[in-house]
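There are 2 protein chains.
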Amino acid sequence: MTDTTTDTAGTVHAEGHILEPGGPDRAGEGPEAAGILASARRLVHPELRRAIETLPGSLRRVALYHFGWEHADGTPAAGSAGSAGSAGSAGKAIRPALVLTAARALGGDPAEAVRAAAAVELVHNFTLLHDDVMDRDTTRRHRPTAWTVFGDADAILTGDALQALAQRMLAEDPHPGAPAAAARLATCVMELCAGQHADCALERRGPDEVTLDECLAMAEAKTGALLGCACALGAVYAGADLDDVDSLDGFGREAGLAFQLIDDVIGIWGDPRRTGKPAGADLAARKKSLPVVAALASGTPAAAELAELYDRPPPGAAAGTPEHAERAARAVERAGGRDWAQAHAADRMSRAIGQLAVAVPDPEAAGGLLALAEFVTRRTY
Amino acid sequence: MTDTTTDTAGTVHAEGHILEPGGPDRAGEGPEAAGILASARRLVHPELRRAIETLPGSLRRVALYHFGWEHADGTPAAGSAGSAGSAGSAGKAIRPALVLTAARALGGDPAEAVRAAAAVELVHNFTLLHDDVMDRDTTRRHRPTAWTVFGDADAILTGDALQALAQRMLAEDPHPGAPAAAARLATCVMELCAGQHADCALERRGPDEVTLDECLAMAEAKTGALLGCACALGAVYAGADLDDVDSLDGFGREAGLAFQLIDDVIGIWGDPRRTGKPAGADLAARKKSLPVVAALASGTPAAAELAELYDRPPPGAAAGTPEHAERAARAVERAGGRDWAQAHAADRMSRAIGQLAVAVPDPEAAGGLLALAEFVTRRTY
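From first to last, the protein sequence lines are chains V and U.
The numbering of the first sequence is the numbering used here, which starts it at 650 and goes up by one.
The numbering of the second sequence is the numbering used here, which starts it at 650 and goes up by one.
By construction, these hints were calculated from the structure, which means they are not laboratory data.
Just so you know, even glycine gets a beta-carbon here, dropped at the ideal spot from N, CA and C.
It is possible that some hints are incorrect.
Said to hold, decoys possible - The following residues of chain V were derived to be distant from chain U, with all beta-carbon distances above 10 Å: (1) Arg691; (2) Asp786; (3) Ala820; (4) Ala827; (5) Ala847; (6) Gly948.
Unchecked claim - To give an idea of the interface, some chain U residues facing chain V are shown, with a C-beta separation under 7 Å as derived from the structure: (7) Arg817; (8) Gln845; (9) Gly888; (10) Asp890.
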């Protein structure tokens, strides 16, 4: 999952461009989501930073770079000093915010769940480090990916160490929910790995050999699982019973899938100045993202045109030219891929709200989680 | 650390060629070590196998191949069915044996520490999978490495999943020592990663730019740390106090360094029919193993010859020819590298025994751990 977002004015904002603390709330984000995210960063980033400082020096350097706290040469990155509340480094903290907000929604004290929130963020970043190596992605959060700066081995090892750090954080947490949270987080890692495996396998297959169900299952494992786990961990830390924990997991999963669908739309039609990627980068790389696969499955003339564009890129352009990507984008739209993705995102959001209502029937208690879920899916690219 | 062993007749035995249950004890292994290892395998391999069966299908296949339980096509490997006590698959189980034997030495019940023993073995194998990718090693335990069969991505993802599985096993263990064991194992993973980082970094430097102290520190992190952690986890599960846990860690670390020194000697002078690698493979690859670095640091004429051989391989042979490796082996020997490694291994063993005596003064209680430590260092290649 990439980390981009938008406001309702229709412009994509990449991570780091929104929610500066003290700044005005942007239209469409809503004051509640903005406040929750800023407060989650204030609570969790110092814990995260402290944990990363305990890594062995060689790997600490890679981790500090990856989180955006240091430049490649080890000098502090702009805004990293004392900016625990800023989104300018280390991301928006959506997952930690889900942990803390879920804990509160189920009657727990968010302050007690800070380690769990940091552990989830460490796992997220461990998978980003490894996925970037496997996918040969060269840009993340507007900066060169860690493997391009430090090499594959250091990126792999730092990812390994971040997973270990996440688990140590929970193993050392005296909270009674910590062991169950640790087991759930470990199970989630296995699902994330299976999701990334499926993603790599799907990318190797031809555009007509991939079904929408396979792609949705992959997206659920790769993106939904960790958002679900974040919500579930909050519930575990609130002492919720297993049914409620599972409902919260379902809420996060469905919202995560909505998130992914919108992210895929942004990957095609997002503003490159905001996403940090070239226009239509996903199409130029012939990525089988969800709107594309839906378009291919539509049986329309535009689907046939898209299949041909995906099968046979213009000669001499290994990853496709901008013109090629633009033609593909128009074909996806004509084949209904964009409309389907938006409608399906809305559908997933309503399923998410349904799951949440089971565990948290009081709308006031559920408000924070709803605000976060809407924050990630209200984005209009 | 590779997995080879020898008997006192002077022949290297690769893993899987010794300690068949019910078979005669080979001279030099000692009945006690053989019995401890076979019994550890009987206890731990079924637990390990059960855990691996819970992995998502795509990664389970890679794990079953890596452990030697299945062929690349998914068919069962010879001797894998019901062979929980056999060393023919999944390795000798030295680390699990150390966990169980340490638990017993400190008055605990080894049967209660089986999950911890399996978790240590999972971590060991996660690092093997990743190290093979980074080092581009093509052979392990006489078989093609996982990345050569399934690709880099699947080897990385399966390693990630095995780390998660190890931590879940401890998180789900109701034993009161489990959280402390989980935290210790996670810290050990970070040290293993730092050791592998140092190994990669040292290999990139010239032969005259590497000190023996750096190489010893790297070997302690890369090999000693996990053997130390295995012993420490056994002590934790026996309810030992922190001083005794730390002494057991020190015992395993020192024995691990002795193990590595002997392994490095085998990497140069071992019998290729037993090691599964070509004769002098480490030298042909110009690996800066401990005997080599000791030889280079000796200030002898043979050291200068060796430095030249390492600096300038014969033309046309990127990784060195067998003749080149043979000349290098003779130079290491003349420069005293072989003698130093053997003497230093003996020194580390006596430090190990000293650490053990602090926590377990009763020689009878310490007997099993001593037998295991001697098993790995009595090897005469």
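* To do: Quick one: which hint numbers does this structure break? Sort them smallest to largest.
  => 3, 4, 5, 9, 10
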